[in-house]
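Sequences and hints are given; from them, build the entire structure.
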Amino acid sequence: MKIKILVLIIFYLIGSLNLSYAANSEKVDQISKNLRCLICQGQSVYDSQSDFALSMKILIQNKIDEGKNNEQIYKFLKRKYGEWIVYDPEINKNTFLLWLLPLILFVFGAILIIRKLSIK
Amino acid sequence: MVKNIKLIAVVSLVIISFFILLKGLNKTNNYSPDLNSSKIDFNFKAKFLYSNEETTLYELINDKDFSIINIWASWCLPCRDEHSFLLNLKSLDKLNIIGINYKDNEINAKKFIKELGNPYSKIVVDPSGVNSIELGAYGVPETLLVHNKTKTILKKYIGPLDDEKLAELKMIIKNEN
Numbered sequence: 018m019k020i021k022i023l024v025l026i027i028f029y030l031i032g033s034l035n036l037s038y039a040a041n042s043e044k045v046d047q048i049s050k051n052l053r054c055l056i057c058q059g060q061s062v063y064d065s066q067s068d069f070a071l072s073m074k075i076l077i078q079n080k081i082d083e084g085k086n087n088e089q090i091y092k093f094l095k096r097k098y099g100e101w102i103v104y105d106p107e108i109n110k111n112t113f114l115l116w117l118l119p120l121i122l123f124v125f126g127a128i129l130i131i132r133k134l135s136i137k
Numbered sequence: 014m015v016k017n018i019k020l021i022a023v024v025s026l027v028i029i030s031f032f033i034l035l036k037g038l039n040k041t042n043n044y045s046p047d048l049n050s051s052k053i054d055f056n057f058k059a060k061f062l063y064s065n066e067e068t069t070l071y072e073l074i075n076d077k078d079f080s081i082i083n084i085w086a087s088w089c090l091p092c093r094d095e096h097s098f099l100l101n102l103k104s105l106d107k108l109n110i111i112g113i114n115y116k117d118n119e120i121n122a123k124k125f126i127k128e129l130g131n132p133y134s135k136i137v138v139d140p141s142g143v144n145s146i147e148l149g150a151y152g153v154p155e156t157l158l159v160h161n162k163t164k165t166i167l168k169k170y171i172g173p174l175d176d177e178k179l180a181e182l183k184m185i186i187k188n189e190n
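First to last, the sequence lines map onto chains C and F. Using my numbering, the letters of the first sequence map in sequence onto residues 18 to 137. Using my numbering, the letters of the second sequence map in sequence onto residues 14 to 190.
Hints are computed from structural coordinates only; laboratory data are not their basis. By construction, the Cβ of each residue, glycine as well, lies at the ideal position given by its N, Cα and C atoms. Take these hints with a grain of salt, some might be off.
Sample of chain C residues with no beta-carbon within 12 Å of chain F, all distances over it, derived [stated by the list, open to error]:
id, residue
1, 23
2, 75
3, 79
4, 93
5, 117
6, 128
As a list, the in silico DSS-like pairs of lysine-lysine whose alpha-carbon atoms are at most 25 Å apart [unchecked claim]:
id, chain 1, residue 1, chain 2, residue 2
7, C, 50, C, 92
8, F, 164, C, 95
9, C, 97, F, 60
10, C, 97, F, 58
Okay, here's the thing in structure tokens:
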């Protein structure tokens with residue numbers, strides 16, 4: 018019984034150690050969730066534990082400490098790695114279809130509905 | 014008739030998507046961003062591997078026409094493979110090779126150099142990987158060719174150097190002035 022309790026306590030301690038290790042500041046989490054991990058595609062920087070992502074989190078923390086705001090950090094990273102690194106694409110000639118397509122579909126659907134209603 | 018049109022539409026759609034996917038197979042999966050600004054900041058601070066002094070990359074890339082910035086680590090196997098190519102480049106007069114030791118253990122890094130030879134004129138360390146991100150790097154190994162006068166990146170290789178890339182590097186250095 019005593020051993021069981023001891024084991025539980027040890028597990029609990031290990032668990033809490035890991036938790037404190039993973040704890041980043043909230044702001045770093047918030048920013049890194051919007052960043053694509055470039056060497057582990059399909060994951061965000063927040064999710065990844067790759068070397069690249071770990072360094073990126075340190076860098077974001079440094080930038081926050083320097084007093085940079087979110088916009089400035091995104092802009093900095095976009096300059097380094099291009100548009101691809103952020104999950105929120107800008108409107109430009111490569112992405113206009115992405116942004117406009119839902120709108121076009123919406124209008125098209127509206128026209129269909131209106132036509133159906135007016136026929137009745 | 015209406016049925017026929019539907020059939021044709023479906024079949025043509027399948028054929029079109031087949032060819033789109035077929036074309037996609039030939040594309041490389043690795044995305045590398047276009048360098049929208051080839052100018053990079055060289056003014057971050059870094060420590061030398063062989064001394065405790067601090068320097069900036071800006072100071073390091075000044076003395077010759079071109080610089081190669083090579084990001085490496087002793088734990089990185091492809092770095093071992095590309096090392097001979099860097100040693101080969103060392104013979105070029107116009108070129109200055111700078112090593113950035115990425116997230117490495119100092120003893121292992123020195124052992125690596127001792128074992129394989131030192132192509133670098135200077136080596137700085139990047140224990141947290143932050144400096145490499147300032148350079149827009151992905152990881153190890155990575156090689157940048159920098160024009161010293163204009164401070165622009167002429168060429169960037171993600172991954173280890175090989176015969177082809179070496180020839181290309183030499184061509185660029187030969188042609189550009």
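For each hint, the structure was consulted:
Distance check on residue 23(C): its Cβ is at least 35 Å (rounded) from any Cβ of chain F, clearing the 12 Å threshold; non-interface status holds. Against chain F, the non-interface label of residue 75(C) is violated: not every CB pair exceeds 12 Å, the least being about 5 Å. Taking the minimum C-beta to C-beta distance to chain F, about 6 Å, the non-interface status of residue 79(C) is violated against the 12 Å cut. With a least beta-carbon separation of about 9 Å from chain F, residue 93(C) fails to lie farther than 12 Å from that chain, contradicting its non-interface assignment.
The beta carbon of residue 117(C) is kept farther than 12 Å from every beta carbon of chain F, the shortest such distance being approximately 20 Å. The beta carbon of residue 128(C) is kept farther than 12 Å from every beta carbon of chain F, the shortest such distance being approximately 21 Å. Between residue 50(C) and residue 92(C), the direct Cα distance comes to roughly 15 Å. Compliance with the 25 Å bound is thereby established for this hinted pair. A distance of roughly 19 Å separates the Cα atoms of residue 164(F) and residue 95(C); the hinted pair therefore holds under the 25 Å criterion.
Of the pairs offered as hints, the one joining residue 97(C) and residue 60(F) holds, with about 22 Å between alpha carbons and a cut-off of 25 Å not exceeded. For the proposed pair residue 97(C) and residue 58(F), the alpha carbon gap of about 18 Å is at most 25 Å, so the pair holds.
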